[in-house]
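Q: Kindly produce the complete structure, drawing on both the sequences and the hints.
From first to last, the protein sequence lines stand for chains A and B. Here this note's numbering is used: the first residue of the first sequence is 63, the next is one more, and so on. Here this note's numbering is used: the first residue of the second sequence is 5, the next is one more, and so on.
For the record, the hints were derived by calculation from the structure and aren't laboratory data.
When the alpha-carbon atoms are kept at most 25 Å apart in a straight line, the in silico PhoX-like pairs for lysine-lysine are as follows: (1) 249/B <-> 339/A; (2) 341/A <-> 249/B; (3) 339/A <-> 243/B; (4) 72/B <-> 343/A; (5) 341/A <-> 72/B.
To give an idea of the chain B side of the interface with chain A (calculated C-beta under 10 Å), a few residues: (6) 57; (7) 73; (8) 77; (9) 84; (10) 206; (11) 209; (12) 218; (13) 222; (14) 259.
None of the values given here were measured: they were computed from a predicted structure. Glycine included, every Cβ here is placed at the ideal spot set by N, Cα and C.
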Amino acid sequence: MRTLCAAAIAIVVAGYVGLAQVNNEVPEGVELTGNWVSRNGTEFNTNLHRAYDFLGMPLNDAAKAWALSHSEEQASEPERQCAFYTSTYFPFGFAPLPMWKETELRTGSTVAWVVGGWLDVVPMVIWMDGRPHPSTYAPHSSAGFTTGAWENDVLTTYTTHMIANLLHRRGPHSDLATMTLRFSRHADILSLTGRIEDPVYLAEPLYVSREWQLSSVPVNRAAVPCTVAYEGVREGVVPHYLPGQNPFVEETTRLWGIPLEAVQGGAETMYPEYRKKIKDKYVRPEKCVANASELAAGGCGGPGRLAPVIN
Amino acid sequence: MKLVTGAVGLAVILLLAPHRSYGQGGRGAVPGNQALPTGKPGAPFDPTGYWVSLITNNWRFRMVPPAKGDYAGIPISMAGKKLADAWDPAQDEATGNQCKHYGAASIMYQPTRLHIAWQDDTTLRVDTDAGTQTRIFQFGKAPATAGKRTWQGNSVAVWEARRANNPEPPARYLKVTTNNMLPGYLRKNGVPYGENAVLTEYYDLFQERDGTTMMFVTAVVQDPVYLEQRYIVISHFRKEPDGSKWDPTPCSARW
Numbered sequence: 063m064r065t066l067c068a069a070a071i072a073i074v075v076a077g078y079v080g081l082a083q084v085n086n087e088v089p090e091g092v093e094l095t096g097n098w099v100s101r102n103g104t105e106f107n108t109n110l111h112r113a114y115d116f117l118g119m120p121l122n123d124a125a126k127a128w129a130l131s132h133s134e135e136q137a138s139e140p141e142r143q144c145a146f147y148t149s150t151y152f153p154f155g156f157a158p159l160p161m162w163k164e165t166e167l168r169t170g171s172t173v174a175w176v177v178g179g180w181l182d183v184v185p186m187v188i189w190m191d192g193r194p195h196p197s198t199y200a201p202h203s204s205a206g207f208t209t210g211a212w213e214n215d216v217l218t219t220y221t222t223h224m225i226a227n228l229l230h231r232r233g234p235h236s237d238l239a240t241m242t243l244r245f246s247r248h249a250d251i252l253s254l255t256g257r258i259e260d261p262v263y264l265a266e267p268l269y270v271s272r273e274w275q276l277s278s279v280p281v282n283r284a285a286v287p288c289t290v291a292y293e294g295v296r297e298g299v300v301p302h303y304l305p306g307q308n309p310f311v312e313e314t315t316r317l318w319g320i321p322l323e324a325v326q327g328g329a330e331t332m333y334p335e336y337r338k339k340i341k342d343k344y345v346r347p348e349k350c351v352a353n354a355s356e357l358a359a360g361g362c363g364g365p366g367r368l369a370p371v372i373n
Numbered sequence: 005m006k007l008v009t010g011a012v013g014l015a016v017i018l019l020l021a022p023h024r025s026y027g028q029g030g031r032g033a034v035p036g037n038q039a040l041p042t043g044k045p046g047a048p049f050d051p052t053g054y055w056v057s058l059i060t061n062n063w064r065f066r067m068v069p070p071a072k073g074d075y076a077g078i079p080i081s082m083a084g085k086k087l088a089d090a091w092d093p094a095q096d097e098a099t100g101n102q103c104k105h106y107g108a109a110s111i112m113y114q115p116t117r118l119h120i121a122w123q124d125d126t127t128l129r130v131d132t133d134a135g136t137q138t139r140i141f142q143f144g145k146a147p148a149t150a151g152k153r154t155w156q157g158n159s160v161a162v163w164e165a166r167r168a169n170n171p172e173p174p175a176r177y178l179k180v181t182t183n184n185m186l187p188g189y190l191r192k193n194g195v196p197y198g199e200n201a202v203l204t205e206y207y208d209l210f211q212e213r214d215g216t217t218m219m220f221v222t223a224v225v226q227d228p229v230y231l232e233q234r235y236i237v238i239s240h241f242r243k244e245p246d247g248s249k250w251d252p253t254p255c256s257a258r259w
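A: Spelled out as structure tokens, the structure:
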């Protein structure tokens, strides 16, 4: 009888604890599942920034030197065509942001949130099950390794183990870069904010943000399979510019009248007081200038020129 | 047998008892904002102190006045474009309207420092050194629909929950709704917002791994006349240790 009684109590306690674990161990936060489309109020393509435009980016001298030697033709190298952007691309990209969660079928607890990929970005898996980040010398990848937690109903993620790649506007980030993102929902708006740190190429953390709106229209949920084709660059060739030979360095200054010292970025360019330093050097263009292809892609803006929001 | 019966009874009671769940809000949680204190007593975070804006995006629209006719990124309407194409900073200066780009709908997106302080338990005051403006966020009041229009308009504030059933402690952000503004500019080059524009802002505070405190302000401007759809941007502010870099400057129509 005692054995039977103990077994009954054990079953009860185990069941109760089990239920408690299901409900309490992994806070679920707010619902983020859905298709989020970028509102594009923040710079979203080359019409809002140019090559060698590092305005407001806290690049250090090593990053500036790297950026000036970089040629965009590298993306056409057969060896690099399928080297997708890293997860740092999400807060800068203009692609839709489909999000869903993967659950453990028996308990229903969330194992991971997933941010869907795009043409040249692989999906970002945000592990929510408490697993640790890999060791320092573990292999790196485009996606990197991301863990997440709910903080005050905001999904906060932390990404490590990304391969060295391009940062915003073709600046560099190293394989030591880390990224913190926060998915903060306000009704039908998702504010994606974050901070990228890089001991190799950033003098200070780079803070990023982008605004999204919930859409009822399904969007692509996975990166398109990549196949290598000839895009004008032969195998074994690495397009680049030697010091002092980059022909595009002054493009931003020529188009928008912004002094070259500001265009090359650096931590001081992101602070309000930097305006005083360039006030007498800035020449405001008389009118907005854009070529035909730029106009087709949004150019100077104007009625109907912002990417439409699909509800 | 009584023991077994008792144990099974206990099992039924426990299994049917309400589980206080963080994820589901729990039955003991306070639904929405009801019964939660407002104003300073209800503040889920401390927004006071000095803050500096970090201009890491849309730099050429924010740090310098862009070219006339450059509307990229703003869902401007035909009516808005017509006004913006006629932008004349000299006329703004002549008519005393140098502060048209310093109204509530655009001031937080400017390169500026903020000084935020509680004026009293229901009033949060936000000063900017850019343009030397003052915004007043009133808690516990209904939005004003009349009265003299000002650059900063009337702002009603509430600590808003992210979902109907709050977890414990409540997860909330600061929501500020502003109307009754004087017509102004969203961008220095004359992109307009009108007197019927409504600004909705969401303030989030985060603590970084190194202890840095950041505030992100998501601003949503609705204007039925000059915008085709909502205009949404996010400003980044980093908390500063003191006001030693506070640098008040007057409004300028050209810079």
